[in-house]
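J.: Modelling step: build the complete structure from the supplied sequences, incorporating the hints.
Taken in sequence, the protein lines are chains C and F.
Residue numbering for the first sequence follows this note's numbering, starting at 4 and increasing by one per position.
Residue numbering for the second sequence follows this note's numbering, starting at 177 and increasing by one per position.
Honestly, I wouldn't trust all of these hints.
Estimated spans, in silico, between C-beta atoms of each pair [what the hints assert, rightly or not]: (1) Ala290(F) / Gly89(C): 47 to 53 angstroms; (2) Leu426(F) / Gly158(C): 53 to 59 angstroms; (3) Val317(F) / Gly140(C): 32 to 38 angstroms; (4) Arg353(F) / Ser257(C): 43 to 49 angstroms.
Quick partial rundown of chain F residues pointing at chain C, CB under 8 angstroms, derived from the structure [claimed, not checked]: (5) His302; (6) Ala331; (7) Val339; (8) Gln348; (9) Gly349; (10) Arg353; (11) Val404.
From chain F, some residues computed to sit far from chain C (all C-beta separations above 12 angstroms) [as the list claims (entries may be wrong)]: (12) Phe189; (13) Phe191; (14) Leu220; (15) Leu249; (16) Ser275; (17) Val317; (18) Ala320; (19) Leu347; (20) Gly401; (21) Ala424; (22) Arg455.
Calculated directly from the structure, the hints in this document are not laboratory data.
These figures come from a predicted structure and were not determined experimentally.
We put the beta carbon where it would ideally sit given N, CA and C, even for glycine.
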Amino acid sequence: MLYSNNDKPPLRQRRIGIAAGAGGGFGVRNLAGRVVGGVIRLDAVSLMQGRRLAVERVTAVFGPGLSSVAGPNGAGKTTLLRAMAGLHPLASGRIEGLPPSRDIALLPQSGGLDRHFPITARELVIFGAWSRIGPFGRLGSADATLVDAAMARMGVAGLGDRMIAALSAGQFQRVLFARLILQNAGVILLDEPFTAVDAATEADILDLLAEWGGEGRIVVAVLHDREMILQHFPTTLLMAREAVAFGPSVAVLSEANRRTARLLSERWMGLAA
Amino acid sequence: MSLLNLVTEPFSFGFMRRALAGCLALSVAAPPLGVFLVIRRMSLTADVLQHGILPGIAVGAVFGGLSIVWMGLGGLIAGLAVALLASLLTRATDGREDSQLAGVYLVALAAGVAIAARERGIDLTHLLFGSVLAVDNAALVLMASVSSVAVLGLAVIWRPLIVESVDAAFLQGQGGRGGMWHAAFMALVVLCVVGGFTALGTLMSVGLMMLPAIASRHWSAHLGGQVVASVAVAVVSSVGGLLLSYYADLPAGPAVLLVAGGIWLASVAAGPYESLLARRIA
Numbered sequence: 004m005l006y007s008n009n010d011k012p013p014l015r016q017r018r019i020g021i022a023a024g025a026g027g028g029f030g031v032r033n034l035a036g037r038v039v040g041g042v043i044r045l046d047a048v049s050l051m052q053g054r055r056l057a058v059e060r061v062t063a064v065f066g067p068g069l070s071s072v073a074g075p076n077g078a079g080k081t082t083l084l085r086a087m088a089g090l091h092p093l094a095s096g097r098i099e100g101l102p103p104s105r106d107i108a109l110l111p112q113s114g115g116l117d118r119h120f121p122i123t124a125r126e127l128v129i130f131g132a133w134s135r136i137g138p139f140g141r142l143g144s145a146d147a148t149l150v151d152a153a154m155a156r157m158g159v160a161g162l163g164d165r166m167i168a169a170l171s172a173g174q175f176q177r178v179l180f181a182r183l184i185l186q187n188a189g190v191i192l193l194d195e196p197f198t199a200v201d202a203a204t205e206a207d208i209l210d211l212l213a214e215w216g217g218e219g220r221i222v223v224a225v226l227h228d229r230e231m232i233l234q235h236f237p238t239t240l241l242m243a244r245e246a247v248a249f250g251p252s253v254a255v256l257s258e259a260n261r262r263t264a265r266l267l268s269e270r271w272m273g274l275a276a
Numbered sequence: 177m178s179l180l181n182l183v184t185e186p187f188s189f190g191f192m193r194r195a196l197a198g199c200l201a202l203s204v205a206a207p208p209l210g211v212f213l214v215i216r217r218m219s220l221t222a223d224v225l226q227h228g229i230l231p232g233i234a235v236g237a238v239f240g241g242l243s244i245v246w247m248g249l250g251g252l253i254a255g256l257a258v259a260l261l262a263s264l265l266t267r268a269t270d271g272r273e274d275s276q277l278a279g280v281y282l283v284a285l286a287a288g289v290a291i292a293a294r295e296r297g298i299d300l301t302h303l304l305f306g307s308v309l310a311v312d313n314a315a316l317v318l319m320a321s322v323s324s325v326a327v328l329g330l331a332v333i334w335r336p337l338i339v340e341s342v343d344a345a346f347l348q349g350q351g352g353r354g355g356m357w358h359a360a361f362m363a364l365v366v367l368c369v370v371g372g373f374t375a376l377g378t379l380m381s382v383g384l385m386m387l388p389a390i391a392s393r394h395w396s397a398h399l400g401g402q403v404v405a406s407v408a409v410a411v412v413s414s415v416g417g418l419l420l421s422y423y424a425d426l427p428a429g430p431a432v433l434l435v436a437g438g439i440w441l442a443s444v445a446a447g448p449y450e451s452l453l454a455r456r457i458a
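T.: Structure below.
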């Protein structure tokens with residue numbers, strides 16, 4: 004939702020807003036200082052993965068709410084997401100409308116983290132305060148309250164002292180989403196957020212995503228489950244290195260489009276072999 | 177009282193006191209770095225470093241004589257170069273770096289031994305394995321300075337280093353420069369390895385960093401606890417090792433490491449975390 008100047012946002016957002024006020028030039032500022040309502044435009048974006056062309060001339064627009072990126076394995080979905088997070092250089096094309104990096108949150112595939120590092124779940128959640136406390140700042144009591152609230156929201160309040168290595172896959176994903184809550188970003192990029200996650204966790208995460216979408220945040224998730232996309236993600240980019248289709252999920256995920264994506268992927272898999 | 181005398185009497189000698197002071201200084205600084213190396217599965221890189229600094233120290237000795245400053249400077253430059261080379265090889269070979277790193281340290285060791293052997297007056301055994309007698313005041317100042325810088329340096333990079341170790345992409349996404357913190361960390365490691373060579377020798381100084389760190393995993397599940405445990409193990413090893421060195425007439429480096437190794441084995445067998453005993457009970 005967009006707040007007018009007379010609305011009082013919830014305390015949680017007001018507190019964050021004081022410290023996290025994002026730069027202008029992107030959509031409308033709400034009272035929380037977070038920028039909402041903008042769109043991210045991908046204009047003929049091409050990306051290299053080593054010497055291989057991983058993404059070829061993809062054009063798409065991601066607005067507020069939930070969008071998904073779908074496609075066969077090796078289709079360049081993760082690379083595209085990383086590019087949107089500013090972590091992968093563009094070979095050609097443009098991405099417009101990205102906010103400052105601290106207002107973009109990327110949830111990597113769970114394999115991208117060192118799950119055996121000896122820190123607690125709560126400490127991992129506190130990472131989310133990085134944009135406010137940085138390498139040397141103190142975690143104030145206001146931030147500490149936010150950490151507790153985020154963990155409670157994800158149902159892991161009781162796991163704060165647990166080592167991250169001792170968490171189940173579902174618990175670990177809940178902790179990572181608590182970290183995302185703390186980051187309070189306007190653009191949230193999720194790479195396969197439901198892989199190896201139990202049904203209850205999946206439902207809780209979907210609930211949170213719906214809330215974020217309603218608040219006008221841009222949520223883009225790489226997903227495989229067609230049913231889930233159709234139910235919860237109105238907009239989809241189907242890609243197989245190039246964009247196969249972009250638009251309303253029902254139209255994009257048609258039988259014909261999915262066959263095209265599969266054929267494309269088989270073709271360049273064959274070329275690679 | 178005779179047992180107490182056995183402990184205190186060796187340290188009535190000035191050279192033993194200086195060696196102890198130096199080793200204790202390193203015990204506070206080096207093991208916490210080792211904890212990070214172990215967690216990040218970079219133990220092999222530490223091996224490479226201990227061999228890598230030898231040619232630098234030898235070249236330093238050729239240029240400046242047996243001065244601790246020249247040898248230390250040479251070791252520091254060589255160590256940084258080897259650390260850089262190791263990280264480049266790690267990236268270039270895409271996970272199959274172990275054989276490449278083995279290549280680096282074999283060549284470095286050979287070069288160091290060759291240079292040192294050509295130059296008369298350099299006692300190779302002393303360079304490789306250390307000598308408590310070598311810890312003069314200059315060496316002591318070097319060890320104390322290096323340790324101070326390392327402790328303060330680790331305190332400064334502590335948080336970013338943890339974030340970078342757990343989730344490098346996250347730090348990058350937040351605009352934090354992950355590579356910078358990692359480079360600073362490696363520089364501290366090199367500094368500590370060089371700082372330890374006078375007393376412990378180039379081959380052994382990494383040991384005071386790594387063995388307590390490896391043992392510490394069996395004393396705490398948490399990073400902070402492991403750091404404290406590693407320092408405690410190093411302190412005990414330093415005192416015990418120097419006593420062993422005195423009574424058994426052994427070089428200091430191997431003696432300290434043998435004690436640390438004993439503690440490590442005991443920790444693996446019966447420490448409270450992930451030890452054989454803990455697994456048997458669980």
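J.: So which hints don't hold here, by number, going up?
T.: Hints 5, 6, 10, 11, 19 and 20 not satisfied by this model.
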